[in-house]
Structure formats: C-alpha cells, structure tokens
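S.K.: Listed below are the residues making up each chain.
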Amino acid sequence: MTTGKQTKRAFTLVAALATFATLAVTAVATPGAARAQSLAIRAGTVHTMAGPPIADGVIVIRDGRIESIGPSASTPVPAGFRLLTATVATPGLVDAHSVVGLAGYLNQPHDQDQLERSAPMQPQLRAIDAYNAQEPLVGWLRSFGVTTIHTGHGPGALVSGQTMIAKTRGSTVDEAVVQPLAMIASNLGPSALAEKEKSPGTRAKQMSLLRSALIRADEYRKKVTAAGAAEKPPRDLELEALASVLDGKTPLLVTVNRAQDILSALRLAAEFRIRVVLDGAAEAYLVLDEIRAAGVPVILHPSMARAFDERENLSFETASRLEAAGIPFALQSGYESYVPKTRVVLFEAGIAAANGLEFADALAAITLDAAKILGVADRVGSLERGKDGDVVLFDGDPFEYATHVTGVVIEGVVVSEASR
Amino acid sequence: MRIAAWATAAVLLPATLVAQENPHAFTGARILTITGGEIENGTLLVHRGKIAAVGSGIAIPPGAIVHDVAGRILMPGLVDTHSHVGQVAGADGSAPIQPEVRALDSINVRHAGIQKAQAGGITTANVMPGSGHLLSGQTVYLKLRDGSTVEELAIRLPDGAIAGGMKMANGTNSRKDPPFPGSRGKSAALVREQYVKAQEYCGKRNDPKIAADKRPARDLAMEGLCEVLSGRRVVHHHTHRHDDIVTVLRLAEEFGFRVVLHHVSEGWKVAEEIARAKVPASIIQIDSPGGKLEAVDLMFETGATLEKAGVLLAYHTDDPITDSRLFLRSAAIGVRAGLSRQTALAALTLNGARMLDLEPRIGSLEAGKDADFIVLDGDPLSVYTKVLETWVEGEKVFDRTDPLDHLFAVGGYGAGHDSIANEELEMEGSR
Chain F
1 MTTGKQTKRA FTLVAALATF ATLAVTAVAT PGAARAQSLA IRAGTVHTMA
51 GPPIADGVIV IRDGRIESIG PSASTPVPAG FRLLTATVAT PGLVDAHSVV
101 GLAGYLNQPH DQDQLERSAP MQPQLRAIDA YNAQEPLVGW LRSFGVTTIH
151 TGHGPGALVS GQTMIAKTRG STVDEAVVQP LAMIASNLGP SALAEKEKSP
201 GTRAKQMSLL RSALIRADEY RKKVTAAGAA EKPPRDLELE ALASVLDGKT
251 PLLVTVNRAQ DILSALRLAA EFRIRVVLDG AAEAYLVLDE IRAAGVPVIL
301 HPSMARAFDE RENLSFETAS RLEAAGIPFA LQSGYESYVP KTRVVLFEAG
351 IAAANGLEFA DALAAITLDA AKILGVADRV GSLERGKDGD VVLFDGDPFE
401 YATHVTGVVI EGVVVSEASR
Chain W
1 MRIAAWATAA VLLPATLVAQ ENPHAFTGAR ILTITGGEIE NGTLLVHRGK
51 IAAVGSGIAI PPGAIVHDVA GRILMPGLVD THSHVGQVAG ADGSAPIQPE
101 VRALDSINVR HAGIQKAQAG GITTANVMPG SGHLLSGQTV YLKLRDGSTV
151 EELAIRLPDG AIAGGMKMAN GTNSRKDPPF PGSRGKSAAL VREQYVKAQE
201 YCGKRNDPKI AADKRPARDL AMEGLCEVLS GRRVVHHHTH RHDDIVTVLR
251 LAEEFGFRVV LHHVSEGWKV AEEIARAKVP ASIIQIDSPG GKLEAVDLMF
301 ETGATLEKAG VLLAYHTDDP ITDSRLFLRS AAIGVRAGLS RQTALAALTL
351 NGARMLDLEP RIGSLEAGKD ADFIVLDGDP LSVYTKVLET WVEGEKVFDR
401 TDPLDHLFAV GGYGAGHDSI ANEELEMEGS R
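Going down the list, the protein sequences come from chains F and W. Residues in the first sequence are numbered from 1 upward in steps of one, following the working numbering. Residues in the second sequence are numbered from 1 upward in steps of one, following the working numbering.
Possibly wrong hints are sitting among the right ones.
Unchecked claim - Derived coverage of chain W by chain F (criterion: at least 3 residues anywhere in the stretch with Cβ under 8 angstroms from a Cβ of chain F; other residues may be distant):
| id | stretch |
| --- | --- |
| 1 | 198-204 |
| 2 | 285-292 |
| 3 | 402-416 |
Quick caveat, the hints were computed from the structure, so don't treat them as lab data. The beta carbon of each residue, even a glycine, is placed where N, CA and C say it ideally should be.
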C-alpha cells in the first residue's frame, strides 16, 4: 500500500529524474538518419541571423535541411508536416570551444581525456579517438539549445592535440562528427608550463619549443612534397599535424590570457604566416589594435569565467569591446577543472548582452559568428534555405534568466522537448 | 567604494557627519520590502544607519537629503550565507576537527572579493573557512562596510562578541589520509567523539556544584563546541549527497545542535526529510551537474523542490565558486526551474538573515532594521538588471558611476588585484 505522502514523493522523484532521463535517452535515440527529418516551426519572432528578425515566421525543414523560411503568411507548412510552435526561434547554438565529450562530468581520471601530460607537444592526438558522444554533459548542452560544438583537447599543454566539430547528437562519434580535424590546440602562458626541472618552464621556452617544432614541420613538408618518391621521409604523425597548420588547412588555436601571451601568439602567426585563432584572451582589451591589425579572430573566455591567476583582470565587457573594435569573435563554454564541469554558452552570451553587447551581436557570438570562425557557416549558424535544420525554441527572450528552452531540433529531428 | 570613502573622509569630513545626522529619503522607487509586499512609488527613509520608515506617502522630514530614485527598484541588501571572500582561511592540515580556529583571524578586508561582493549588492556575508575538514573553524558574519579592520566589518552580538557560526563538512572533501577520516562511517564517528567530549566538558565547566578550581582547564576547541551545543553558534554544514544530508540531520538531532545545510545538491531526493527536521537549506546554483562525484545529480529544480516541501530556502555564492556579482542570478535560475518569485527574493535576503540569526536586524525593508539596501535599474531577476548602488547602514559602499567601483563591478585591468586598493590608499596619503 502506498501512502499519499509516499506517492507525492515518488512523483517528485520521477519528475526530477525525468530531466536526466531525457538527457540520456536522446543521446541514444537519435541515431543519425533513422528518424523523421521533416518538420516545420512557427515562432512569434525568428532570429535568422541572416537578416532582420522575422515576425510570426515559419521555418520548413525537409530531409534535415531548411527548405523555406519566411513570414507565416507567405511560407506554407507542407501537408503532413509536424508543426512546432514557440515564442522565439533561433538557429541551433554553436559552442565555439569546449572540451565536453573528452571531459566527462564525473571528473574522474577515466573520463578526463582532454589533456595528456606525457609530453609538452602532441599535435597528433585526434579528438575523434577520445570523444564520447553519450557523455551526459553533451546532452546537458543540447537541452539548452547547443547543437554544434567545437570540442577536443584542452589547454594545459604547449600543444595538447586536435579539436573536432560535432553535432550534439548520435551515439557514436561517427554519427556526431561534422569535421574530424578542426584546429590544433596550443596554450601559451602559465597554465601550460611544465613542472619543475622540465620544459617548458618559462614563456620564452614555450615559444622557442613551438617555433622549433614548426620549423621542423616546415622542413618535413618540403621533403614530402619536393623529394622523389624514394627519398620521402618516413611518415611522422606529429609533424604531419603541424604541417597542416603551415599549409593553412588547419588553424592553430592558441589559448592565451595575459596581454603579453596574446602578443606572442600574434608574433607566431606573423612569423609562420599561419592561421591563428586566439582562445580565452582575457586581456584582449589591452591589445585591441594589435589583434585587429593581425586579422586574427577571438574565441573569448566564458563571460562568467572565474577571475583569478592569468584571468584575474577579465571583464564582463570584453565582448562588447571586441565588437566595437571590429574584431571577429565568438563565445565559448571553455574548460573547467571543477564545478561547473561545463558552462553553457546560452548563459554566457546573456551576461555579455547585459554588459554592453547588443542582443543581435550576443546571439551571433553563439551562432553565426561562431560558425564562421569554425569554418562551418555553410551548414550552421543561421536559418537560411539550404542550411542544416538546427533550431532552438524559446518561450521568451533567449537570454532572460527565467526564459525556457522549449525545444531543440537538429537536422529536422526533435532532440529535446523538455522545458529547460 | 573603499577609496572614494577615504577621499571623502579626507576632504569633506564635515559633510560626512552631516550625512549621518540628516535623514536620507529615497523617493519614487518601486520598493521590494520582502516582508511587506511591493510598494509602487514608495519612499524609504533612512536615519543614523537605520530604516526610519518605508511606504507610500511618507512625510519627508525637514533637513532630509532627498535622493530621487524614480524608476528604480529598491530592495534589501543581499545576504550571502556562504562566502569565501577576503582570503579567508581556517583549520590547517594537522587535524580534521579544529573548532578553536577563527575565520576572523585570517581576513583581508582589502581583498578585491569584498569590493566585488559590494558591487553585487551583498551587504552581509557569512565568511567561512573551506570544506576540506570535518570541522574547519568558526565562521564570521560580516557587514560589507567600508573598513580597514575585520572588527569594523564584523557583526556584533548584543553582548559585544563577534557573530559567527561553525563550519562543518561531510562527504568526500574531508576524506583523506589519517588523521583525516577515510570513510563516511569514520567521519561521523570522529565528529560524534568530539561532541560527546564537548558535552562532558561544557557540563563540567558550567556546573555550579563543581568548585572553580576543580573544573576542567580552559580548552579553546571545547569552548567552540560548547557554543554550538548551547545554540549560540549555528553549524553551517557543507553536504551534497542525499545520504550525507541525512547524516547531518541525524547528528544534529543526537547532539541538539542548530544547523543550516549548505549546497544540498541532492536535497531534492530528501526534501521531505529536511522539511520534517525543520532544518533550513542554503543552496548553490551551478550551471551543470558533476565536476565532482557528489554533484552529479545536481539540478536547477532543487530550490523549487525544497520550497514545495516547506524547507526554509536561501541561495549562496560560495564565492569564488560562483561570482558575488552574479548572486541575483542564482535565485533567478531557480525561478527558471519552478521556484516562486517571492521565495526567490526571500532566498537572497530574509531567509539568509534567518539562517544567520540576524532577522531582527537585516533581510527586509522595515522600520527599525539596518539601512542595508540596494538600488537596481530593473527587476532583480532579470539578466539585464544592474546594481547601481549598495548601501550599508546608511552609508553608500558601492556606486556604479564611480570609476573604481565600476572597475570592480565589471572587471578589467586591476580588478583582480586587491593591492590596487592599497596603492590607491597610499596615493591618498591615508596610510
């Protein structure tokens, strides 16, 4: 026999557990193309990011792609299509830099694959070999509207490894991956110094090691392309990865926070004529002219990152300063060694929007501008005909604390319907 | 606002005295009193550090300095029941239980964290040692006044003693190599052992039938526990997992100590047990579950679940775990997950005051209470809202239009470096 009190408690538990169940189930219940990928969404305001917001807009998604988008009066919903409704719709959110999937929420050695400490430079470590598509934090981000993540090896080593771009769906990395090699992750400054008696032990040593490696990689790629078939050097995964940076195919993501470390990254970009993306960049506001002149984009630290050590001088207003300076930037969830194990870009953009960044620019920093920096703007980041059908539904201003995400769609598949 | 206050003191001393003597009237604002509803176009009258009157249609006494705050929101200064600002430290690594150690002996009142807390609208904070011990020492309740010594910030009990609680913890943070406990059973046993010892000590120390020279020698650790057992000092207990929460309730019942549960990540699993024990819960808002095993089941819905169960609820920053400047956000996210607006606002003010035994003085805007309040440019639970001013006992300690205060409010070069305050003071010739 169940008492009323027990029933009530059971209900509370079930309701609470349902949230977690949703996160877990959607991870395994969306195996790629096996689901219906056609639906329509009608929202009071549609932020397309490709033009002014559409009042009472309709988005039609067929076979995973956006087939049409426009005002409801001129955008019919095809017969038989499921119709979702919302107050506000935005593109699926793009988290410009995370470690989620390599870093797990348990924070135990067995679920922390974002940093290998056996050597200071290991650009050959692939993110795809470590990404856990079923990590609960992936589901957590998805439930708050994040549909695309740039994730992989994190800060903490001079060159920690590769990053990848994934959709927050699928039960395997193959179902999730958008781009298996996105960037090579590196880190200058105090957080990437080795322990005592080991290299690199200073900032200058970090740069000398990195420059030497790039010079070695340059010589390697010259031998590979120039020499006759018989004289080709043996294949070297480490140098191959760095050669891809020198070739301009793969950007070097450089995590730097102090102004002098930001300038070191720019010095490196100029010397080797490589594509550099600044990551973190807490003191970017001190060297705006130099960053702009270098034409380097910034993936800014989370707005709510803790202000200590090399980030002690971070500012809620840096995003608005970058915007005013005309420097391309995006926001990120970043790397956290403790709690919260991941941040949520939706919340980080809200704080930026509350501190001088225009609403549209804050939304762009977690949609189109992020997609552009990641090189995937042909597929995601805005709601336009032909792009992936990745959409987030809200019941109000997306940045307001008390607004809920009411639905998340990835390529036409509803991956979350919980009110979050 | 520390520097501005010094400058004012140096140049405009008579004016400061006048400011203290003359009543201040804040007019035209929407006033969230917490205990008496929300007043449109209200007036808050402040005199000599206390609230003289609050309401609509209040007569402004002659000589009062009038602050037109039309269009603004006034609410009580925020009460943070769990903070680590001021470079606070407590027990060292020599033993798991150190009730003789006082947080107040460690605090740097010039620490940037205190000025950031003022910028976040926090006017009272329970500043505590960490959770790496079963009992890490005596906490201190601070008013975030502008002051040069911890004594100037400390809240006094009616007998003149400095107010504070006792920090305890269970679960994994306090588990390590001996002499620390290696298991949950051992953790509870070590705590019980000390409280049993304290029961005997406190009884003998206070027993009039025992001659003074036969009473046990003074023991600072035991004295600390006596203050817990007598109810003078509330235990602030770090605890996450449902079974650890229930263990706290069990120990509190056994020894009869007063306790506030802190963090309470799995409180939603044992909300009815917490309610039945009539124990309050001060919770934390973390943006994702995990990061440590005890927090893998953390949920945004904990606040709403505890509210429904009837538990007295507060939020805390655990600064630096969450930023004091974003304290309002914590309760707002609770509202996102089902908490009522009324409880959310009380969970930032009055409920925290109750947990610190300070309800008679702070936590709401009522005549006779301390004039601790904040001026906001919008709804306290909106992401876009800014704290414009923070007032403690009728003195403005934060003003967003002041350049240095603005630096602490938003960050920037020097904001993380507390010594900048000291350098500024030297430039002012005040030190």
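S.K.: Please go over all the hints and tell whether each is borne out by the structure.
M.R.: Results for each hint:
no. : hint    : verdict
1   : 198-204 : violated (count 0)
2   : 285-292 : holds (count 7)
3   : 402-416 : holds (count 7)
When each numbered hint is compared with the structure, a violation occurs for hint 1 only.
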